[in-house]
Structures are given as structure tokens and as C-alpha cells.
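Chemist: As a plain string of letters, each chain reads:
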Amino acid sequence: MTTTWETALTASGRILLILAIALLVRFLLRRAITRLVTRLGRESERRRQRAETIGSVLRSASSVALLGTAGMMALSEVGVQLGPLVASAGIVGVALGFGARNVVMDILSGMFMLLEDQYGVGDRIDVGEATGTVLEIGMRVTTLRGDNGEVWYVRNGEIKRVGNLSQGWATASLDVEVAPDTDLARVRKTITVSALELSRTSPFDELLWEPLESPVEVLGLDAVSSDAMVVKVVAKTQPGKALVVERELRWRVKLALEAAGIEPPLPTRGAEVSGPGAR
Amino acid sequence: MTTTWETALTASGRILLILAIALLVRFLLRRAITRLVTRLGRESERRRQRAETIGSVLRSASSVALLGTAGMMALSEVGVQLGPLVASAGIVGVALGFGARNVVMDILSGMFMLLEDQYGVGDRIDVGEATGTVLEIGMRVTTLRGDNGEVWYVRNGEIKRVGNLSQGWATASLDVEVAPDTDLARVRKTITVSALELSRTSPFDELLWEPLESPVEVLGLDAVSSDAMVVKVVAKTQPGKALVVERELRWRVKLALEAAGIEPPLPTRGAEVSGPGAR
Amino acid sequence: MTTTWETALTASGRILLILAIALLVRFLLRRAITRLVTRLGRESERRRQRAETIGSVLRSASSVALLGTAGMMALSEVGVQLGPLVASAGIVGVALGFGARNVVMDILSGMFMLLEDQYGVGDRIDVGEATGTVLEIGMRVTTLRGDNGEVWYVRNGEIKRVGNLSQGWATASLDVEVAPDTDLARVRKTITVSALELSRTSPFDELLWEPLESPVEVLGLDAVSSDAMVVKVVAKTQPGKALVVERELRWRVKLALEAAGIEPPLPTRGAEVSGPGAR
Amino acid sequence: MTTTWETALTASGRILLILAIALLVRFLLRRAITRLVTRLGRESERRRQRAETIGSVLRSASSVALLGTAGMMALSEVGVQLGPLVASAGIVGVALGFGARNVVMDILSGMFMLLEDQYGVGDRIDVGEATGTVLEIGMRVTTLRGDNGEVWYVRNGEIKRVGNLSQGWATASLDVEVAPDTDLARVRKTITVSALELSRTSPFDELLWEPLESPVEVLGLDAVSSDAMVVKVVAKTQPGKALVVERELRWRVKLALEAAGIEPPLPTRGAEVSGPGAR
Amino acid sequence: MTTTWETALTASGRILLILAIALLVRFLLRRAITRLVTRLGRESERRRQRAETIGSVLRSASSVALLGTAGMMALSEVGVQLGPLVASAGIVGVALGFGARNVVMDILSGMFMLLEDQYGVGDRIDVGEATGTVLEIGMRVTTLRGDNGEVWYVRNGEIKRVGNLSQGWATASLDVEVAPDTDLARVRKTITVSALELSRTSPFDELLWEPLESPVEVLGLDAVSSDAMVVKVVAKTQPGKALVVERELRWRVKLALEAAGIEPPLPTRGAEVSGPGAR
Amino acid sequence: MTTTWETALTASGRILLILAIALLVRFLLRRAITRLVTRLGRESERRRQRAETIGSVLRSASSVALLGTAGMMALSEVGVQLGPLVASAGIVGVALGFGARNVVMDILSGMFMLLEDQYGVGDRIDVGEATGTVLEIGMRVTTLRGDNGEVWYVRNGEIKRVGNLSQGWATASLDVEVAPDTDLARVRKTITVSALELSRTSPFDELLWEPLESPVEVLGLDAVSSDAMVVKVVAKTQPGKALVVERELRWRVKLALEAAGIEPPLPTRGAEVSGPGAR
Amino acid sequence: MTTTWETALTASGRILLILAIALLVRFLLRRAITRLVTRLGRESERRRQRAETIGSVLRSASSVALLGTAGMMALSEVGVQLGPLVASAGIVGVALGFGARNVVMDILSGMFMLLEDQYGVGDRIDVGEATGTVLEIGMRVTTLRGDNGEVWYVRNGEIKRVGNLSQGWATASLDVEVAPDTDLARVRKTITVSALELSRTSPFDELLWEPLESPVEVLGLDAVSSDAMVVKVVAKTQPGKALVVERELRWRVKLALEAAGIEPPLPTRGAEVSGPGAR
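Here the protein sequences line up with chains A, B, C, D, E, F and G, keeping their order.
Every number in this note's numbering is 10 more than the matching position in the first sequence, counting from 1.
Every number in this note's numbering is 10 more than the matching position in the second sequence, counting from 1.
Every number in this note's numbering is 10 more than the matching position in the third sequence, counting from 1.
Every number in this note's numbering is 10 more than the matching position in the fourth sequence, counting from 1.
Every number in this note's numbering is 10 more than the matching position in the fifth sequence, counting from 1.
Every number in this note's numbering is 10 more than the matching position in the sixth sequence, counting from 1.
Every number in this note's numbering is 10 more than the matching position in the seventh sequence, counting from 1.
Rather than coming from a laboratory, the hints here were simulated on the basis of the structure.
One or more hints might be untrue.
Listed below are the simulated DSBU-like cross-link pairs for lysine-lysine, each with C-alpha atoms no more than 35 Å apart in a straight line [to be verified]:
| no. | chain 1 | residue 1 | chain 2 | residue 2 |
| --- | --- | --- | --- | --- |
| 1 | A | K264 | A | K199 |
| 2 | A | K251 | F | K251 |
| 3 | A | K264 | B | K170 |
| 4 | B | K199 | B | K170 |
| 5 | F | K199 | F | K264 |
| 6 | G | K264 | G | K251 |
| 7 | C | K170 | B | K199 |
| 8 | F | K251 | F | K264 |
| 9 | A | K251 | F | K199 |
| 10 | D | K199 | E | K170 |
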């Protein structure tokens, strides 16, 4: 009789021990989560709110898991056989785990992207599946506003590489075609002068990345054929402004070349040789 | 003899304990499911019904799992050896789990898409595998009506990114080609005037996104060749109306350019230089 | 000696208990299977037979599994050590499970497609791997008759999205090309008149989806070049009849345009300008 | 001492029981395999032999597995500890299982394709990886004779969809081009007459699927350009004979159109307008 | 004290039993491996050597596994607790198994390809990743000599389908173009006569598959345009000789057509109509 | 009573033993980590800091794992049943493990790439997903600055092969086209002379890899047609300077050929033969 | 008291047994590793060093694993409960194993490629992801120098097939185009004579594979059109020298054809018929 009584006593002792440890681990885990949340939400109010949401989900989940486990251990101490329970939980866990793999992957990827600060709301990014301006960085999906106005929901785990088009400059690039017997130095000079004017005109002075020094670089001869010579011209611009600068520059260079009497490439069809004369 | 009797008593005590806990957990689970259902079905009657269906399936499944487990634990307490049962269940579970992975993935993806409210019935969406108007958001598949009248059933787990074409505006885009020696400013003005007229005409005033201010933006010179200059024109429209606006604008710009005497691009074949004269 | 006898008695009691529970669960499972079969076979006699086959396979499989498990548990109660048996079964199960994953996936996908009623025998569907008329919806494969007479066997699990071309309408679409200086309003009117006639002629009145109101919609100008203007015309038709309507409409519009004196697009080669005159 | 003797007795009793059950299960399994073999080999002698081979492999494998398990259980009853053996077998089983997954998948797919009777020796099939005439349906690979004489060995598990070109008809399809100002009705009639003749000539009367009624269907106008009108013509033929019929029909339609004075499409290059006159 | 001694006796008895069974199983396994090796190496000396190598690897591996397991069981019988050992072995096994999956797959695929005799050294095969003449069929890779002299090492498991170009015939195929107003019968006859001559000339009589009867088949009209008619001609040749026959046949048919006065297709550019006259 | 006391004593002895071993293993592990960190951070201050971060993460993780395990073993020694805890941990571990696979893979790949020193900050690399200059080599992602100014975040595990464009030379390559009847030796000489001049001009003397000996190699005739002969010219340059050299060389070779009277290729359109004369 | 003492004695005996076996297995494993290393490093000093590195890694890893296991078994014998330790190790092992799968795969593939001697340092190889000269064969990656000077790091496990371009010959291949009415025999003879000269000129006599007999093979007529006949010429060369020989041969054949008065193909544009006359 004594052993039974003693064992019972020890059992209650062990249950107390289990509870104590569970509460301690829960406290440590919650503190760690709080730190993570603080770190994730450092930057803006909106981000702080989102980090808070993640934190509260993590806190609930870990509490349920911890207390559930502690409860099962207590049951085990009073002699209940937990084999079937553990087996059921295992089967359900594995079955869900297989299917939920993508969800876990999406969320983990999302957390890492936040921690690594790959992009923020308002950045223009290229995530392979879609390109656009970030509307929202969610736990499982990133929301973008595409260039034509559509809204893209992209799963974070499907993003293998992110191109952030708002961190740094953009490049306007022009292929200027002239007749094959033109002097390269004159072309170079005409383009440079034309570009300098552009860099002093509003609003293009603010769209260029380095307007003062060398707004535009004439790289040289990209191709030579019997019809034309192609001269490559590039300019660094503010992010997202490459096309605007490119279009303006294209028009100005065209006018400048005409003014300088530099001939366009030969037409690609014979009879037009007489055509331009007829114009 | 006493120990056997005592153990039996304890066993029945444990069985009662198991039942009590099972019922408690079942109650908590059902309440959580009910909350989820309420949250999922917040918005419309139809959605509420679907959420109810999901809820009732979840409730039955969790009840069967819980009570089955509790039953096995009770059997275990009366001394039945459950090894073979657990092993059988495990093998069946793993075998089904492998094959059912896609089904679980589809359903989980579906629930998340509902929770994140990525699209609703009636939205036009692009899910990669198909594009069309959402007819129904199902547990496992999303049903779309394609543009040519066909019906698409797309598994939710196969949707890696969703483009919602009904949240925001759409973009009508026009490449206007003119002769290479045309003045860009005149082209720009002619197009702008023509677009303003369009934006005051019914029904186009309602199809444009911002009809009052700048209905159409003439972006500038997209390409220059010896045959033609390409001027890019874009307009923000109501979602799904880009093509309608684009077609009308194309016709109006064509007429306006002709009226203003702005020449079309050179024909791409020589002999036609005489051709148009013969027209 | 007494304990041995007593344990034997308890053992036989447990075996009886095991059998009773096994039979009860078997009864419940069979009833659930019967309900599923009834639901699957609700619609036609043929489908009912197929559902019956699935049902009988499921019934046999679950009986074998249940009674095998119960038998093993009984053996376990009389003291036979089942470790090796369980281990063997586990290894065979996992090895088969890995390889059979696709088969299970195919069958589960097939059952869901039946339950969701994605398509029926006789529907024309597009399953990505092949397009054709459904001949048979099997447990593991769907059989289609392709458009050229060939028979396609497509595994259900490989079908990521189904396009059902028989639920709703189809779209006949025509690109009408005219000379670049034609009046759009006249083209529009000529096409509309021509389409109205078509919609009143048998058998086309029955092939169109909405023959009475607006059988054909002239969408507007899809492209303008120096050679031609392209006018887009669409018509909703009965499913599978788009090409028939399209071909007839193409012929009628051609005749109507000629009759109205609307010129065809300029030939794309110069010398032919004189060619048509020579005709 | 007595208990030891008694346990030994019980142990030998258990061993007998194990053997009896193993033999019973083996008998049942072999009978099931025999039934499967009979069902698989129902149709031809060759197929029966192949099914016999599969059957004998299955029988050996299941006997080895069953008796090995029974032997291990017997060892276990005499007190040998089987833990290490079970663990070794498990590791070897899992390691092989991972690598052998494809082999199991190939064999299972092969058995299902046989059971579903997707194709037989001599059928022309399209399995994606290769197209040709089936030489042999093997356990793991299907052997095809390609159209150029090469032999293809395709793993059954890699076959995602099979197109059987020998079950049903084939479709001969012709695009007849005529001058853009031709009368469609005359073209239609000329082709139909020409096709009727073909359908009465040997050997084409036997190559067509429905030679008597409408051997060839003139579908209508597939395209209109300033150079040509394209009329689509199709005919159902015996499987594998579409190209033969197509080539003959192409020649006959060409002759018939010339005889009827229906002009060919305009040449796509100008100067040839004078060319044909010079011919 | 007696029980300890008795148990020890039983333990040594069990160890002897374990050793006896291990040796028996080893003997059976080695005999099975020897049979497999004999079957694999049936055909040539070289293949026999390779099979011997595989056999000796399999024999060593199975001996190590068997005797290791037997040793562990013996240790277990003398009371050593093997839990940690089994766990370590399991972890190492699983970790290696994951990574080694491809290696096992390559070797299994190689063995099956040998057993199924898909190709031999010297055959020309197409394995998707590369095409060439087989230099060596290895356990893990197949070595090919490519057509340009390079050596390809292809992993057996990456081979999804093999096209053996040396089992059967090859097909030489010619598209003969003639003027659009040529008589098909004359073309057919000219080609046939020309092909008969070829089939009687050395070395082409031995390169053709059926030189005597119908060496070449004129299939008929493959295409008709306003420029040319395309007549398809095919010939069965010895494997690997299709291009040789094709080139010779192309030259002979060209000469024969010129000799018969059958005109070539019209040149695709106008001005050349005068060109050939000027030649 | 004595046994209980004795067992307790042994238990405390075992707990001490467990703690001692845990601390020893922890010490060894930390030392190994420190060595790894030292090896990783050998080269630069920045890299040392990053290695320190990895090291501190590894140290914390291993300490938590080790002490957690030791704690559980101690609990186990005082009689607490750990089955439920182990099972919970296992389920959570597997579930996270599935989803975190990519993260672990990214980090392991990153560590190996650091150890193998595949690239450093400032190198231009091609990682398939993106090409650019390395900004940062992170634990999970590598950050690149693309050529147009955008920033790429590429997951290390997605990098299957790295092309380092900064280790060694780059190749400038030119296709020089001349008229088909030009003498190859003269072309060769003209180009070589022109290249020698370039190699003596600043800054190109420093951009070439081997400016002194043979700065440029004229490889020979790459193609011959009735319009042109293509001569291939290559030059080794400093990494990243190939395009600069190429453009300058293109211009110089063009001038040199003109000066030497070597004719350009024939224009590809007839009428231009008179065109150049008219220039 | 006696049993405790006896068990302790047995325990220490078992611990000694465990250590003895661990040391024996360690000795055998190390000897096996030494043999593998010797075999891997047979060929060159550099390779021997690499093999030594692999060997020392393998030796450390296996020693740690063996002694760790033996230590745990000893702990187990003194009564420490190892369940938690085994479980922790298992979870960490599986989690790392999932992520490290690629690393293990890379290393295993690398070892097999070394054993199979697929390529050596200095060989030019094509591994799909990149092509170049092997700089280093590493444990996890193979380093190549690409043709343009860049350095490629390719993971061994990503290499599905290797093409070794340095084992055997290379093939120079030329498509010689002549006018459509040229005599094939004359062309054949002219090319052969020209090739014989090349094969006797230094350095080409050493670049050809079989310079003495038939340095170049004129395969025959590859295509006939109304503009040109294409004659295919091939030559076997030393590996890596195909392009050099090809370019020289192209130039010599061009000169020889001109010298023999064999006309080039007709120009593809009409007006050039007069062009060449004007040249």
C-alpha cells in the first residue's frame, strides 16, 4: 500500500515540475517572440502592426503546443496510456505537414524577406511572376500593383529572386542609327551637346542621376552594316524614369542630327532611294 | 486480488478522465471552427453558405478523429493491445497522405485565398493556367468563365500568383505611327485634342478612369526608323474597358491626324510610293 | 496458476470486444461508402454503375484492412509477438506507397472531379495534355476522343486545370481587313446588316447564342497600318459551333463589302497594284 | 521450472499458429494473383504468357515475404531478439525504396495500362516521348517502332497521356487556296465532285471511313487576304491512312480546279504576274 | 544462480541459431546473385566481365549487411543495449539515402536496361541528353561517342526513353520540288526509274533495306503553291545509311528531272524570271 | 526503502554525468565553430564580421539544443515520462523541417560558396537568375547590382552554377564583313595593323590583356555567301572591358578597311547597287 | 546486493566489448577509406592530394560517428536513459538531411565522376550549364574556364551528362553552296584536291586527325533549290581544332572553286543579276 501512495506523491511532484518547466519555457519563448516582433517592426507604424499580428499568432500557437504537451505529460504521469493519442496526432501532423509544406515555406520566406529588408511598400520590384509596385508585404503573399493597373498576389515562397528597381538608378539606353559613312566624332559631339541641353532643362535635370557632370555617355559603335552604323548611348536616371528620359532624348537627338546634317541610315528597300527625294 | 480490483477502478477512473478531456477539447475545437466560419462568411450570403459547408466538414472530421482517439485510449486502458491497430492506421495514413498531398494543398491554398480576400465572384482574374471571370471560389478548385465562353476549373494549389484585373484601373495603350519627318509637338497636340473630345463623349466619359483632367497621356517617341516615328499614347480606363477605349481612340486619332495633314509612315515597299499616288 | 487462467479469460473477453468493435466500424464504414456511392451515381445509370464499382472496391479494401487488423489484435491478445509482422508490413507499405503515389493521386483527383461535376460524357474539354470529347470518366484516367479521331487516355492526376467547352457559349471572331482610307461607320453598317441576314438564315439562327438581338458585335479598329485597317468582329455561338459560324460569316462579309464597294487592303507587294487591274 | 516448460509449450503452440496463418494467407494471396493473371491474359496467347510471368514473379515475391515474416515471428517466439534485424531491413528497405521509386512507378503504371487496355501490340500510339507502332508492352517499358524505323523504349511511368491513333478514324485535312475573287459555291461543288470520284476509286473506297455518304466535307472559308482565299476540306479515313488520302485528294482537287477554270491564288511577288503569262 | 546459467545457455543457443540462419540466407542470396549475373552476362565475354563486377559488389554488400546484422543480434543476446547503435545507423542511413537517391536510381535503371537488352555496345542510340554510338554500358553511366567525335557520359537514371537507331531500318526522305503545272504521273515515273537504277548500283544495293522490290516509294503530293508542287519520296535503308542514300538519290533525281525536261519550281523572286534565261 | 534511496543516488549520479558530458560536447562544438569562423573570415574585416554573425547564431543554436537535450535527459532520470514531449517536438520538427528545407538549403549553399571562395564583393557574376556586381554575400541571399542599376536578391540555394566574370580575361569579338571577292590576306593585314595601333593608344593599352604581343587575333573566314565574307576577329581584354574595346576596334577597323579600299559587303537589296553610286 | 554487483560486472564487461568492437570497426573502415583514397589518387600528385583531403574528412567523420555511438552505448549500459538524446539527434539529423540533400548529392556525384574518370584537369567539357576547360575537379563543384575567359563553378550534382570534347576527334563541317546547274563530280574533285593540299601544309597536317588518307570527305548533296545546291564537306580534326581547320578550308575551297570557274549560288534578290555584271 505504501508504494502506491508514495508513487502518487512522486507523481504529483512530477506534475508540478512539468508545469513549472512548461511555464518557464513559455515565458522564454514569448520573450524571444517579442524581441523578434520588435526587430521586424522597427521601421514604420504599419510594419509594426503587421509584426504584432505575426507575433500574436506565434504566441498563441506556441502556448497551445506547450500547454498541450505539458497536459499530456501530466496525464501520462497519472497513468493514462497516451500511445493512441500520440499516434493519432502524428498521423494528422504528417498528413497536414505534407500538404502545408507550401504554406510554411511561403511564411518562412516572407519572414526572411522582411528581416533582410529586400523591399518596402512603394518599391517597384520584379519577382519573376510579376512586376509592379509593392502594395503590401503579407505573411504569405506579397501584393503588387502592376504597370497596367492590375493587382498581383504572389506567394512569397515562389519568389526565387527579387529585383528591386527602386534601390539605385535606372538606365536609359538609345540605339542611334546613322548612315554608314558618317564620322563617328561628329555624331558623338552632336549627341553630347544635345544631352547637355536636356540635362539643363526642367524637369529632366531632376530625372537624371548625375545631371551635372556627364549626363549621357556615348558608348561607341555597336554595329556596322552596309545600311547603317549603330551608336549606343546610355544615361543614368532616377529609378523608374528611364523611359521618360529615353523618349525625350530620342526626340532631341533626332532633331540635333537633322540640324547637323548627319544622314539617317539608308532605307532598307531600294525604290525608296528615290522616295526621300520625292518627299 | 485486491490489486486487480484496484487497478480496474483506477482504469475506469482514467477512462472517465479521457472522455472528459476529449469532450472538452471537442468543444474548444468546434468553437474555434465556428469562429473561423463566421470570419470566412462575413461578407455575403453565398459565401456564408460555403463557409458553413467547410465548417460542417471540419466539425465532423475533428469529432471522428477525437472520439476515435479517445475510444482507442479507453480500449488501451482496459488492457487491449493497440499496436497492430496503430500500425495499420499509420500505414494507411502515410499511403493516403502521399497521394492526397495535392488535395490538402489545394484546400489549404483555397482557404488562405479566401482569408486574404484575393478575389471575389465576378472579378476578372489571371491565374496563369487560365484567365476569366470568377464564377465560383470552391474548396479545391476555382471556377472561371473564360473570354470565349468556356468554363475553367483550376486547382487552387496550382495557382502560384493571381492577377486581379478588377481591383483598380486598366491601361489602354496606342502606338501611333507617323512619317519620320513629322513635328512631334503637332502630333502631341493633335492627339491630346482628339482625346479630350473622346473624354467628353458618352459613353467614353464613364469608361475613362480620370476623364476630367488628363484623360490620355502622350508619352513620347518610342522608336525612330527611316520609315516611321512611333509615338506612344496611354490612357487609364475602368477595369475591363481598355480595349473598348483603345479601339475608339485609334479611330479618332487616325481621323484627327489625317485632318491635320500629318502624314502616315512611309510604306514599307518601294513600288507603292507610286501606288498611293494612284489611289 | 489462477492468474494465468484469469488472464486467459480476460484475453478471450478482449478478443470478443475487438471483434465487436471491428464489426461495428465495418458497418459504419460500409454505410458511409454506400452514401458516397449514391451521391456519386445520382445522375445517370452509367454513372451509377461506375460508382457501384468504386464502392465495391472500397468495401472489399476496407473489410480486408479492418478484419486483418482485428485478426492481428486477436493474435496479439493470445500472446503472439507481432513486431516482425508489423515491420514487414510497414516496409512493404512504404515501398509501395512511394511508387504508388501517382496512382493514389490519380484516383483521388478522379473522385474529386466526379464530385465537383467538372465534366460529363459528351462534353468537349481541354485538359492541357489533350483536347477532345469525353468518352469515359474512369477511376484513374479520363478517355477523350480527339478532334482528328484519335483516342486520348489522360491520367486524372496530371490534369491541373480543365477547360469545359460545352458549358456556355463559344465565340466566333473575325478580323476584317479593309483599305486604310475606308470609313469605319460604313464598314460597321455593312457588317451588321450582313450578320443580321445570317442570323435569320437556317441553320445559323440555331447556331447563334442570341440570334434575335445583336447576333454579331463589331468591336472597332484593332490595328491601323499604311496598308490596311483591321476591324474586329465577334459573335456568340452555341458551344462547338464557333468555326462553322465564323466561316459562313467570313464569306458573307466578304461578299457584302465587295457589293458595298469597300476596298480590300492594299496588296503588300508593289507590282500587284497593276496586277488587280489586269484581272 | 514449471512456468518455463509451460511457456515453451505455449511458444510452440504459437509457432504452429503462425505457420498455419501464414500458409492460409499465402493460399489466399496466390489465388488472388491467379485471378488477376487470368484477367490480364484474357485476350491473346502472347498476353497470357506475359501475364503468367508477372504472376510468377508476384507469387515468388509474396511467398518470400510471407514465409520470411513467419520465420522471423517464430524466431521471436523462441526468444531471439529481432530488433537489429528489423532495423537493418528497414534501413535497406527505405534506401532502396527511395531509389527504386521510379521502378515501382513504372511497373504499377504498366499494370494499370494493361488492365485499362489502353493499347495493344500493333496499335500506333503517341506517348509524348515518342510516336510509333507498339512492338511490345513490357512490365517496365513499352517498346515502339518509330516511323523512321528506329526502336523506342519508353518507361511506362513517364507516360502521362497516351494517344491511341488506331482506335477510331483519322482525319485528312486540306487547305485549298484559290484567287480572292472566286465564287465559293463553285469551289465547293468542284471539290465535292472530285471527292466523290475518289471515294469510288479503288483503293481509296476502302481507305475512307464513310465512303458512301459524304466522303469529304468542305468546311468553308478559313481565311481571306488580298492574295488568296483558303477553303478548308476534311475527310475521315481509316486510322493511319490520312496522309495517303490527303495526298491523292490534293492532286485530284488541283486537277479539278484547273479543269473548272478556277484560278489559283495570286503569286506573292509582283513580277511573276507577267511570269505565268510567259509560261 | 541456476536461472542465470540457464539463460546463458539459451543465449548461446540463440546465437548459434542466429549464425546458422545468417549463413543459410547468405548462401541463398549468393546463389540468387550468381544466377542474375549469369543471366546478365549471357551474351558476350565483355558483358560477362561487367556482370561479374556487379555480382562481386552485390555479394560483398549483402555479406557485410547480413553478418553485421547477425553480429548485432548476437550482441543483443548477450545483453548489450543496441538502441543508440540502431539510431545512429538509421540517421546516417536516411541522410545518405536522401542524397544517394540519384545514385541508386542510376544503378537500378542501368541494371534494368541491361536485363531488357535495350542497346548494346556499337548501337547508335538517342537518349535525349545526347545521341551517338554506345562505347560502354556502365553501372551508373552510359558512354556514347557523339557524331562529332566528343564522348558523352549520360547517367542511366536520367534516360527517360531510348531510341535505338540500329534495330531495324532507317528512312531516307526527299522533298522533290517541281513547277506547279507539272504532270504528277511523269514525275512519279521519272523518280521511280531513277531510284531503280540507284538500287542496282554498288554500293547502294547493299545500303537499301529492300533493294529488289520497291527501293523507293513516291508518296505523292505533299504541298501545292503558286510557285511549286512538292512530291514526297521515301526509301528504307540500312540503319545509319539514310543520309548517304538521301544525298545520292537527291543528285540522281535532280539529273533525271532535268533530263526529262521537268521544270524546277518557279524562283521566289520576280526578276529572276529573266535571270534563268540569261544563264 | 533501501532500493529507492539507492536508485535516487544513482539517478543524481547519472544527472551529474549527463551534465558533464553535455558541457564537454558543448565545449568541443564551440571550439569547432570558432575554427570554422576563423577560416571563413580569414580574408577581410567585413567577411570576418559576417563569419562572426554566423558563428554566434550557430553557437546559440547548438547550446540551446545541447542543454535542452541534457535537461530532458535529467528529467527522464528523475522519472518524468517524456514520450509526449518527444512526440510533440518530433511533429513540430518534421512540419517545420519540410517547410524550412529551402531555408536550410540556402544557408548551406551560402556557407559552401564562402568556403570555396567562388566570388567576392565587387566581382561581376552571372548566377543564371541575374547578372551583376556582387554587393553583399549573405547567409541566405546574395545581393547583386544589375547592369541597369537595379538590385537583385538571389537565394543561394537557387544558384546552380556561378559564372565569375572577374577572374581572368574577357573576350572582345568582332565579325568583320567584306565583299565576297576580297583578298583574305589583305583584310588580315589591315585589321592587324589597325589593332596594333589600338594597343599602343591610351587607355586601350591598359584595357587589353596582353597588349604587347598579339593584341588581336584574326581567326579567319567564318562564313561565305554571295553577298559577303565574314572574318572573325577576337581580342583578350581586362574583365568587364570587352565591350569598350570591341566598340573602339569596330570603328578603327571600319576606317582602316575604307582607307585600304577594301569594299564592304554587297547591299542585300538590288536597287541599292545604284544607291551608293548616287550617294 | 549480489545481483547489483553482478550486473555491474557484466555492465563493465559489456562496455569493454563495445569499445573493442568499435575500435575494430573503426580500423576496418579506415583501411577501406585508405584503399579508396589510393584508388582515387592513382594518377597524379595533385589528384592524390585532393583524394587525401577527402580521405581525411571521411576518416574524421566516421571516427566521430563510431566513437559517439560507442559512447552512447556505454552510457546506456551504466543505466542512463538515452531516449531524449536519440530523439533530439534524430530531429536535427532529419532537418539537416532534408536541406543538405543537395550537398550530399553533389559530393557523391563528384566522387563517382572521379572514380569513373569522366574528365581531367585541362579537358574541354560541356556540362550543360556551361562549357569550358576544366580548371579543378572539386568535392562539391567543378571549376571551368569558359571560352570568353569567365570562370564557371558548376555543382557536381547538377551535371546530368558530361560531353568530353578532348577524348577523340572533332569534326570540321562545311556547307559549300554552288549554282544549281553545276556538275557535282567537278565540285567534288575540286574540293578534294584543295583539301589534300591543306593536309600537306603545316600546321594543318598536324591539326587533322588522319591527314594521310582521306583528310576531308565530300558527303554529297544536302539541299537543292532554284537558287543553289549545297554540298556537305566534313573533316576529322584534333580535338579543339575544328574551327581553325574549318576556317582555313572555307577560304581554300572558295579560291579553288573560283579558280575552277564553278559559279557561286544565284543571288537571292533579282536586281543583283545585273549587279554582279556591274562588279
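Chemist: Confirm or reject each hint.
Modeler: Evaluated hints:
1. K264/A to K199/A: holds, 14 Å
2. K251/A to K251/F: Given pair K251/A, K251/F holds - Cα atoms ~27 Å apart, limit 35 Å.
3. K264/A to K170/B: Given pair K264/A, K170/B is violated - Cα atoms ~45 Å apart, limit 35 Å.
4. K199/B to K170/B: Distance ~44 Å between K199/B and K170/B Cα, so the pair is violated.
5. K199/F to K264/F: holds, 14 Å
6. K264/G to K251/G: holds, 20 Å
7. K170/C to K199/B: violated, 51 Å
8. K251/F to K264/F: OK: K251/F and K264/F at ~20 Å, within 35 Å.
9. K251/A to K199/F: violated, 47 Å
10. K199/D to K170/E: Violated: K199/D and K170/E sit about 51 Å apart, past 35 Å.
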